[in-house]
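Peer 1: So the protein sequences, as listed, match chains A and B.
Going by the numbering used here, 346 is the number at position 346 of the first sequence; the sequence numbering is gapless.
Heads up: take any position in the second sequence, counting from 1, add 494, and you land on the numbering used here.
Errors might be hidden in some of the hints.
Claimed, not checked - Lysine-lysine pairs mimicking DSBU-like chemistry, simulated, CA-CA at most 35 angstroms apart:
(1) B:667 / A:404
(2) A:453 / B:684
(3) B:521 / B:571
(4) B:571 / B:582
(5) B:656 / B:711
(6) B:571 / A:404
(7) B:571 / B:667
(8) A:184 / A:366
(9) A:453 / B:577
(10) B:656 / B:508
(11) A:419 / B:508
(12) A:188 / A:419
(13) A:462 / B:546
(14) A:483 / A:315
(15) A:50 / A:13
(16) B:506 / A:404
(17) A:419 / B:532
(18) A:488 / A:64
(19) A:315 / A:472
(20) A:404 / B:688
(21) A:472 / A:123
(22) A:404 / B:711
(23) A:123 / A:50
(24) A:453 / B:532
(25) A:419 / B:571
(26) B:582 / A:419
(27) A:453 / B:582
As the list claims (entries may be wrong) - Computed far set for chain A versus chain B, every beta-carbon distance over 10 angstroms:
(28) 62
(29) 115
(30) 391
(31) 421
(32) 422
(33) 473
(34) 483
Keep in mind that the hints were calculated from the coordinates and are not lab data.
Note that the structure is a prediction, hence the values are computed from the model and not measured.
Every residue, glycine too, gets a C-beta built ideally from N, C-alpha and C.
Listed below, chain by chain, are the residues.
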Amino acid sequence: MGRVGFDTERKVKLKVMTKDEEDAIHWASMDILAETGMKIYSKNALQTLKDHGADVEFSMKLAKIPNHLVQEGIKRAPKAFSLCGRVPENDVLLDGRHVYFSTDATGVATYDLETGQKRGSTKDDVKKVAILTDYLPGVAVFNPSVTPLEVPPHTHTLHELDVGLNYTTKHTMVEAVFIGDEAKLEVKMASLVAGGEKELRRRPIISSIMCCIFPLTLDGGAMDASMEFSKAGVPVHLMSMPQAGTSGPATLAACVAINNAEILGANTVIQLASPGAPVLYSTVGSPMDMRTGGYGGGGRPETALMNASGVQLAKRYGFPSSPGSMGSMSKMIGPWIGHEHTLVPLTMALAGGDLLNGIGMLEGSKVLSFEQMMIDHEIATSILRLISGFSVNDETLALPMIAKVGPRGNFLQEPHTYKHMRDFWNPTLTDLRPYDVWKASGAETTEQVARRKAKEILSTHKPVPLDSSVSKQLSYMIAEAEKSPFSKGTSENW
Amino acid sequence: MSDGLSSLYLQKLKDAVIGCDLDNVEKIAQEALSAGVKPVEAIQEGLAKGIKEVGERFGRGEAYLPELVMSANVMKKGVAVIKPHIPKGTSISTLGKVVIGTVEGDIHDIGKSLVGTILGTSGFDVVDLGVDVPSERFIKAVSEGQVKILGMSALMTTTMVKMPEVVSEMTSKGIRRNVVIMVGGAPTTKEWAKEIGADAQAGDAVEASQLASDLLKGR
Numbered sequence: 001m002g003r004v005g006f007d008t009e010r011k012v013k014l015k016v017m018t019k020d021e022e023d024a025i026h027w028a029s030m031d032i033l034a035e036t037g038m039k040i041y042s043k044n045a046l047q048t049l050k051d052h053g054a055d056v057e058f059s060m061k062l063a064k065i066p067n068h069l070v071q072e073g074i075k076r077a078p079k080a081f082s083l084c085g086r087v088p089e090n091d092v093l094l095d096g097r098h099v100y101f102s103t104d105a106t107g108v109a110t111y112d113l114e115t116g117q118k119r120g121s122t123k124d125d126v127k128k129v130a131i132l133t134d135y136l137p138g139v140a141v142f143n144p145s146v147t148p149l150e151v152p153p154h155t156h157t158l159h160e161l162d163v164g165l166n167y168t169t170k171h172t173m174v175e176a177v178f179i180g181d182e183a184k185l186e187v188k189m190a191s192l193v194a195g196g197e198k199e200l201r202r203r204p205i206i207s208s209i210m211c212c213i214f215p216l217t218l219d220g221g222a223m224d225a226s227m228e229f230s231k232a233g234v235p236v237h238l239m240s241m242p243q244a245g246t247s248g249p250a251t252l253a254a255c256v257a258i259n260n261a262e263i264l265g266a267n268t269v270i271q272l273a274s275p276g277a278p279v280l281y282s283t284v285g286s287p288m289d290m291r292t293g294g295y296g297g298g299g300r301p302e303t304a305l306m307n308a309s310g311v312q313l314a315k316r317y318g319f320p321s322s323p324g325s326m327g328s329m330s331k332m333i334g335p336w337i338g339h340e341h342t343l344v345p346l347t348m349a350l351a352g353g354d355l356l357n358g359i360g361m362l363e364g365s366k367v368l369s370f371e372q373m374m375i376d377h378e379i380a381t382s383i384l385r386l387i388s389g390f391s392v393n394d395e396t397l398a399l400p401m402i403a404k405v406g407p408r409g410n411f412l413q414e415p416h417t418y419k420h421m422r423d424f425w426n427p428t429l430t431d432l433r434p435y436d437v438w439k440a441s442g443a444e445t446t447e448q449v450a451r452r453k454a455k456e457i458l459s460t461h462k463p464v465p466l467d468s469s470v471s472k473q474l475s476y477m478i479a480e481a482e483k484s485p486f487s488k489g490t491s492e493n494w
Numbered sequence: 495m496s497d498g499l500s501s502l503y504l505q506k507l508k509d510a511v512i513g514c515d516l517d518n519v520e521k522i523a524q525e526a527l528s529a530g531v532k533p534v535e536a537i538q539e540g541l542a543k544g545i546k547e548v549g550e551r552f553g554r555g556e557a558y559l560p561e562l563v564m565s566a567n568v569m570k571k572g573v574a575v576i577k578p579h580i581p582k583g584t585s586i587s588t589l590g591k592v593v594i595g596t597v598e599g600d601i602h603d604i605g606k607s608l609v610g611t612i613l614g615t616s617g618f619d620v621v622d623l624g625v626d627v628p629s630e631r632f633i634k635a636v637s638e639g640q641v642k643i644l645g646m647s648a649l650m651t652t653t654m655v656k657m658p659e660v661v662s663e664m665t666s667k668g669i670r671r672n673v674v675i676m677v678g679g680a681p682t683t684k685e686w687a688k689e690i691g692a693d694a695q696a697g698d699a700v701e702a703s704q705l706a707s708d709l710l711k712g713r
């Protein structure tokens, strides 16, 4: 199946900061980078910054990055690019005018589709997510959702990538990689499928997440891995995750300023090392539960405010964005998650985020539910429909028809109605029939319908397979990698 | 004329209905007649086959309602051209005559008309009495004979009370037993149908059509 995004000059443009507030955040971030600096545990990254004139203290692993370098980084970052699919029909153009959804996370447990029980996640679960993603038009990008716990831990992301490359023709996001050599191997795997390194650079069929450590810290291995991906032209989602009240200050403005500094700082390193490397601006914030100190979850109004401010800042600089969107702490399918998985992504869509993530996860992106995946897809397509708005012209105003039908008339039989009847969004999980009919046909709940439909898709949909020799080579590469853990390279013991 | 040519025109008529070709159906019907296609065949094996297929697609959720309505209108236009050419005394087979209407005091039209359209596409011969229909008119229509189903619609709790009036009047006139009585409209329920002595209640047009077919099978 194809993918849906909407090419539209959105008429509703949500901004959560005034221009003055946005300027103030920007300058605060610049001040933070130049005066406070960032801890960067990568020798490569620090050396790159030092070579370009940043104030680097190697013993402290601290870099203070002057404004002009940050500006240079912003200037070099591409303003629009595509996350490519294995087939071009599934390319996802990030140009600030489209909105798409992706799955998300790498959780550790799955609600089994057959038993309904929660259990440790497996590679087969990842495969099911890929097949559903391949089928569902409202999910444009595959992210493994859960990790295969049965394989050697150092090969988790390799197996996830293997599934993505084999079981969907849509773009695959590999989760955070923390070792440079692992990134190199993933680039090799993706190149094999893309048709060579040059082809991968031209059409990046994978992207990777670089998760910053709040506040103002970049992991050495993650930084090395991101630099490898960038060198190969693989887009990197620069993700910052402010937790207001713990790793972040208790005020949203300060969290947003630090988040902005982190992403701009990481981008500076990447752009100095690999000018023009594609990156995404990704804010995934949430407040601590101030009452207990627990994780506040990604479905709160403050989450929406922080992540939307991230989108607004991304637009200021011209980065495509992938804001956190669906991250409810709900333990089960029900009203709470339905509300949270609408509140935040709707806000992101209205703000103009490019790639909204989080489809299908419970418990703050830890637990996969295939039923929730179907429900979230329904929410996603309705949001996409909403932001596409409606057009006003002679054809859509249809004045001659209004005159013809007249007062007390009925438009049902009009050719104009026939012509436009498929313009409407249709629910696929909600039963719109009358109560008696619904009751008589089994009184299925939304969750039951979602389960039935997920099973139907999984038993009938066959994604276009990879060439079998390519698929075998991927398996071979993974089998080789399973033999011994990766060397941590320059980031080890440093 | 050859069977091949005839089947070509029957296919064209069927396709016109399926394709909602409101602009060309009259021309195609005319051409079919000129080419020597038998009028009854043109309707039953051409137009009606088309509407049956659209009806089935509608039942599966593939065809949308405006499409079904449009197809029905195309069929009507085609039938209007062909009907005058049917030799006297030839009958067109249908599932039976259905009389429908919205009860007195109630001018809600859309739901009732939808039921009529869908029953029509299912092969019933539908007589729509319109809206604000006094009880006597229902009685009169049923008395005229050949009616297999009477369908009454009401959208208001204040007008649905007209339904039992019609039922008891039919009973006292001795014309109740030969007719299936169906009721519908937002305030009606299955319990209500039972309470007033009707045979069935449908929540929407699709259910109404299904029930109508099922109830007649039982007779």
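Peer 1: With reference to the structure, classify each hint as holding or not holding.
Peer 2: A quick look at each hint next to the structure:
1. B:667 / A:404: violated, 44 angstroms
2. A:453 / B:684: Since the Cα atoms of residue 453 of chain A and residue 684 of chain B sit roughly 30 angstroms apart, the hinted pair holds (cutoff 35 angstroms).
3. B:521 / B:571: Measuring from Cα to Cα gives roughly 10 angstroms; hence the hint holds.
4. B:571 / B:582: OK: residue 571 of chain B and residue 582 of chain B at ~21 angstroms, within 35 angstroms.
5. B:656 / B:711: With Cα atoms ~28 angstroms apart, residue 656 of chain B and residue 711 of chain B stay inside 35 angstroms; holds.
6. B:571 / A:404: holds, 19 angstroms
7. B:571 / B:667: violated, 38 angstroms
8. A:184 / A:366: holds, 27 angstroms
9. A:453 / B:577: violated, 46 angstroms
10. B:656 / B:508: Not satisfied, since the Cα-Cα distance of roughly 41 angstroms exceeds 35 angstroms.
11. A:419 / B:508: Within the cut-off at roughly 20 angstroms; holds.
12. A:188 / A:419: Answer violated: residue 188 of chain A to residue 419 of chain A is near 49 angstroms, above 35 angstroms.
13. A:462 / B:546: Judged against 35 angstroms, a Cα distance of about 33 angstroms means the pair holds.
14. A:483 / A:315: Measuring from Cα to Cα gives roughly 44 angstroms; hence the hint is violated.
15. A:50 / A:13: violated, 40 angstroms
16. B:506 / A:404: Holds: residue 506 of chain B and residue 404 of chain A sit about 30 angstroms apart, inside 35 angstroms.
17. A:419 / B:532: Judged against 35 angstroms, a Cα distance of about 33 angstroms means the pair holds.
18. A:488 / A:64: holds, 25 angstroms
19. A:315 / A:472: violated, 42 angstroms
20. A:404 / B:688: violated, 42 angstroms
21. A:472 / A:123: With a Cα-Cα distance of about 17 angstroms, the restraint between residue 472 of chain A and residue 123 of chain A holds, given a limit of 35 angstroms.
22. A:404 / B:711: violated, 42 angstroms
23. A:123 / A:50: Outside the cut-off at roughly 42 angstroms; violated.
24. A:453 / B:532: violated, 47 angstroms
25. A:419 / B:571: Within the cut-off at roughly 19 angstroms; holds.
26. B:582 / A:419: violated, 39 angstroms
27. A:453 / B:582: violated, 54 angstroms
28. 62: holds, 62 angstroms
29. 115: holds, 30 angstroms
30. 391: holds, 20 angstroms
31. 421: Violated, since 4 angstroms does not exceed 10 angstroms.
32. 422: Given a closest Cβ separation of 7 angstroms, the condition is violated.
33. 473: It holds; residue 473 of chain A is separated from chain B by about 42 angstroms at its closest Cβ, greater than 10 angstroms.
34. 483: holds, 53 angstroms
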